[in-house]
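Chains as they are written, first to last, in full-length UniProt numbering: chain A, 1 to 207; chain B, 1 to 207.
Treat the hints as calculated values from the structure; they're not laboratory data. Mixed in with the good hints, there may be bad ones.
Because identical chains cannot be distinguished in the list, a pair is counted as satisfied if it fits within a single copy or across any two copies.
[Said to hold, decoys possible] Straight line, CA to CA, 30 Å or less: simulated DSSO-like cross-link-like pairs of lysine-lysine:
#1 K48 / K142
#2 K64 / K48
#3 K142 / K59
#4 K48 / K160
#5 K59 / K40
#6 K64 / K54
#7 K59 / K160
#8 K142 / K54
#9 K40 / K54
#10 K54 / K102
Because the structure is a prediction, the values reported are computed rather than measured.
Number of protein chains: 2
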Amino acid sequence: MPMKNTTIPSAPARGPADHEVRDQIVAAATEHFSRYGYDKTTVSDLAKAIGFSKAYIYKFFESKQAIGEMICGNCLHEIESEVRAAVADTDLPPEKLRRMFKVFTDASLRLFFRDRKLYDIAASAATENWQAVQAYEARVQKLLQEVLQEGRQSGDFERKTPLDETATAIYLVLRPYLNPLLLQYNRDTTDVAPAQLSSLVLRSLSP
Amino acid sequence: MPMKNTTIPSAPARGPADHEVRDQIVAAATEHFSRYGYDKTTVSDLAKAIGFSKAYIYKFFESKQAIGEMICGNCLHEIESEVRAAVADTDLPPEKLRRMFKVFTDASLRLFFRDRKLYDIAASAATENWQAVQAYEARVQKLLQEVLQEGRQSGDFERKTPLDETATAIYLVLRPYLNPLLLQYNRDTTDVAPAQLSSLVLRSLSP
């Protein structure tokens, strides 16, 4: 179907687009929270720091938690991207599984505890089971299922146990290394645990 | 060898034996901590509640932590006894392993979170890695090794993987359900996790 030769009306004179303001608020909030902590910062503090009015911030986010959710979501996406890249980088399902354990642990440790002091937000998110966390956990479980499915097709993994059962159990083994609340108390085992646990899991999957 | 017919000298007039006083202090402290919390109670509070002088308590325990260690030790021994009884009650190594997962989880949940509000003490113990906790963890690992060894001898479990490696990995799987700090964040999974995880572990052990 041929495109009509229409004239695109120029946008009316206005400020930055909504998504730009949202990004600006999130960037400033990330900076502010990582310096002063999420729990201790109010929307008023944030407004003052950015130079916006509190009311203006509330036009874009209904609460501090909504800003936190966005930051948390970004952080979880970053972890997930690293894992997906590592998993995509090999064709062997057993190696994919090993990398899931290793990279989830390393990236979670780095993002939750070192790089940005975002632990406060991650902890609130996990404690209150924010939507961003639920979505993340669902995506991780789906990725795990895909890797298991691939390994069943390639003949690397056994097929007797229902896929759901296998996936749920392995997720329970992995969870203490990607949930920030659990990870904080597992930090003394993170150098060896991913390798030992993925070896155990691979033994459980042998055909 | 015939016993000599000696006259046992009567004990000099004195108060209750040391171990009786210690038990009395521990019993009163358990009661007091479970009502007011371990963190919030000082040795002075405790002395007042028992009706002893603070100095008298310090004759028997060098610190509040020393009393807490004794209470914590009792609690961990109780959990361990339940597990050992359940394990001893079957001859089948796979069933022993299942029971370890189930009974450690149930008994820890009950003792740390319900019966006595001893969570405060258990949490301090785990955070500060008290001697009572270290000893407990070592005993749990030893019990696990014994069950694995039995299963290897009976032919139920594979023998290719070094015993140490198997035991360490399984302990890592079990740990989130017996460490009180981890268990508090696993409470939404404790109804199904022990069965699912022990099934996974048993698959990993199949010869």
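Tested hints:
no., hint, in the structure
1, K48 / K142, "neither (41 Å within a copy, 58 Å between copies)"
2, K64 / K48, "within (14 Å within a copy, 45 Å between copies)"
3, K142 / K59, "neither (35 Å within a copy, 60 Å between copies)"
4, K48 / K160, "neither (60 Å within a copy, 64 Å between copies)"
5, K59 / K40, "within (22 Å within a copy, 43 Å between copies)"
6, K64 / K54, "within (11 Å within a copy, 48 Å between copies)"
7, K59 / K160, "neither (54 Å within a copy, 63 Å between copies)"
8, K142 / K54, "neither (39 Å within a copy, 59 Å between copies)"
9, K40 / K54, "within (17 Å within a copy, 38 Å between copies)"
10, K54 / K102, "neither (42 Å within a copy, 51 Å between copies)"
When the structure is compared with the earlier hints, violations turn up for hints 1, 3, 4, 7, 8 and 10 and for no others.
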